[in-house]
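J.: Here is what each chain is made of, one letter per residue.
There are 2 protein chains.
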Amino acid sequence: MSAAPAFVAVDWGTSAFRLWLMSADGAVIAERRSNEGLAAASAAGFASVLESHLAPLPGSDGLPVVICGMAGSRQGWIEAGYVEVPAELTSIASGGVRVPGTERNVTILPGMCVKSAREPDVMRGEETQLLGAMLESSGAERFCMPGTHSKWVQMRDGKVTGFQTYMTGELFSVICSASILKHSIPDGGSVDANEPEFLTGVRDGWLTPARFTHELFSIRAGQLLHDRLPTDNRARLSGLLVGVEFAGAGVGDDESVALVASGRMEQLYHAALVACGARVQTIDADTAVQRGLRQAWRILATETGGRLSA
Amino acid sequence: MSAAPAFVAVDWGTSAFRLWLMSADGAVIAERRSNEGLAAASAAGFASVLESHLAPLPGSDGLPVVICGMAGSRQGWIEAGYVEVPAELTSIASGGVRVPGTERNVTILPGMCVKSAREPDVMRGEETQLLGAMLESSGAERFCMPGTHSKWVQMRDGKVTGFQTYMTGELFSVICSASILKHSIPDGGSVDANEPEFLTGVRDGWLTPARFTHELFSIRAGQLLHDRLPTDNRARLSGLLVGVEFAGAGVGDDESVALVASGRMEQLYHAALVACGARVQTIDADTAVQRGLRQAWRILATETGGRLSA
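Chains A and B, in that order, are what the protein sequence lines are.
Everything in the first sequence is counted per the numbering used here, starting at 186 for the first residue and increasing by one.
Everything in the second sequence is counted per the numbering used here, starting at 186 for the first residue and increasing by one.
Keep in mind the hints are simulated off the structure, nothing from the lab.
Quick reminder that beta carbons are idealized off the backbone N, C-alpha and C, glycines included.
Be careful, since some hints might not be right.
Said to hold, decoys possible - Now the in silico label distances, taken between C-beta atoms and shown as ranges:
1. Pro243(B) to Pro415(A): 48 to 56 Å
2. Val459(B) to Gly448(A): 46 to 54 Å
3. Pro371(B) to Ala363(A): 12 to 20 Å
4. Gly347(B) to Leu392(A): 13 to 21 Å
Let the sequences and hints guide you as you build the complete structure.
T.: What follows is the structure in structure tokens.
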């Protein structure tokens with residue numbers, strides 16, 4: 186017997202759209218992925234993009250939809266604001282915003298923010314992933330969520346007490362494509378966790394982060410003076426950036442970190458964290474966002490007396 | 186009585202060409218500037234670009250030419266290599282390479298390099314500026330030469346003992362134009378040394394360089410949460426990068442720094458260095474490169490028994 190569809194979970198980001206038709210107990214019945222992120226959906230209309238993905242899915246008629254990610258930003262479908270930390274992580278569910286004028290119940294979850302004047306910060310999408318990750322982790326207090334804008338989150342007893350974003354992935358991308366290092370780094374391809382230059386870069390960035398902007402130029406000089414390989418240069422750049430992120434996050438020996446990541450990103454950060462002496466518990470990022478959306482749906486269904494359940 | 190032209194000094198960089206017709210005692214008789222940097226000159230031919238600028242200058246016939254900068258790189262007119270540090274700064278003159286096949290005597294000065302496997306580095310053009318700056322400074326041991334690729338040079342008794350390049354200016358440029366911060370920073374315009382956000386950024390970058398990639402994202406978050414002004418964001422970004430450079434260079438209180446810079450760059454770095462407690466002696470960058478080229482010409486003329494003097 187196959188599970189009955191109960192709700193629709195959507196992770197709607199800047200450049201990607203992912204939808205799962207899910208059972209009440211969190212089984213994935215069907216999946217849809219496309220590149221209809223924020224820009225594409227703004228042009229086509231968010232409702233029509235969503236319905237175009239639901240139309241071919243049997244049993245999705247009238248089901249409630251819970252969305253996280255950039256669809257809730259000011260430039261998104263409807264602005265879903267931010268929950269200010271410190272806050273219970275589950276409060277993102279009750280802070281969900283119902284999209285007006287849609288036939289089915291569509292709720293967009295808010296992001297989270299640090300309002301401090303000194304170091305303001307925002308996340309949108311990761312808070313939902315974190316809600317799922319929290320269910321998977323055994324009381325972890327530090328979460329690392331690597332990516333274009335890596336997040337480090339501090340939690341205690343279900344409450345987010347603070348977080349910081351590091352522009353690691355984006356800096357890697359713009360330095361590779363737009364700086365003088367583009368002459369020293371291959372087009373395309375990606376860094377492998379086993380490359381020695383990656384882990385050397387991690388340690389150098391972690392131990393002497395102040396020298397980061399010098400180390401960047403030194404990659405260029407190393408190519409001119411020592412004919413270093415472009416793939417080694419790329420691995421070192423990636424490692425340096427991850428190491429500087431670790432220095433900023435205060436990664437220290439024998440610390441426990443819950444790593445929310447998948448695929449190659451998981452491999453890179455896992456190897457890097459271990460190299461810096463951390464104990465790592467991995468939580469699959471894709472699973473985490475599904476679990477987080479399901480948890481939000483359950484809370485919303487309870488709060489609305491079950492009306493969210495189809 | 187006007188001074189007689191004795192030689193031609195050229196600073197030939199990646200994107201700019203600057204030429205001075207000079208007297209033996211270093212007076213500038215005429216100046217030419219254009220955007221015929223490396224790329225343009227490679228296409229048009231270095232010799233013809235040079236002669237096109239000399240043709241209209243009375244008294245330049247047959248004069249020797251001394252060139253510094255990227256014209257001596259592998260992609261330049263003729264490769265002039267690097268003098269490896271530690272080295273006497275004046276050795277860049279004796280390491281000059283005579284361009285073959287030209288009617289007049291054209292010498293391109295080499296760059297300098299740090300060959301260390303750990304932190305290789307190169308400069309090309311700044312060594313000549315430094316040769317001039319050394320003549321202006323009263324025994325300074327630390328030189329700061331800000332720019333796209335800022336150089337920090339350690340000297341002792343006329344010898345360059347080490348140097349480090351920081352990608353400060355280039356990172357500012359690529360982060361402004363190619364990262365998410367482009368939405369938070371105005372197109373065009375420039376940072377003013379009097380903007381409070383600049384000096385706050387300097388101090389934050391200097392005191393906590395490890396948090397640099399987080400501070401970057403925080404600029405974006407500050408705009409979303411606190412409607413911070415684009416001009417303030419730009420000033421803070423610039424300050425953070427300069428501060429991280431200072432942290433890497435180990436700028437500390439009450440240190441003496443010879444700042445080789447002109448115009449707005451001089452104002453920014455002067456204010457930033459003073460804010461970090463350094464004592465600053467400014468040496469005009471344009472004057473420094475002219476003096477350095479003149480000094481190289483004098484050494485070359487002596488070594489060649491005066492044949493370099495027209």
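J.: Each hint: holds or not?
T.: Evaluated hints:
Range check, Pro243(B) to Pro415(A): about 50 Å between beta-carbon atoms, so the 48 to 56 Å window is met. Look at Val459(B) against Gly448(A): about 49 Å separates their beta carbons, and that is inside 46 to 54 Å. In this structure, Pro371(B) and Ala363(A) meet the distance hint of 12 to 20 Å, their C-beta atoms being roughly 19 Å apart. Taken as a hint, the range 13 to 21 Å holds for the pair Gly347(B) and Leu392(A), whose Cβ atoms sit roughly 20 Å apart.
Going through the hint list in order, the structure satisfies each hint without exception.
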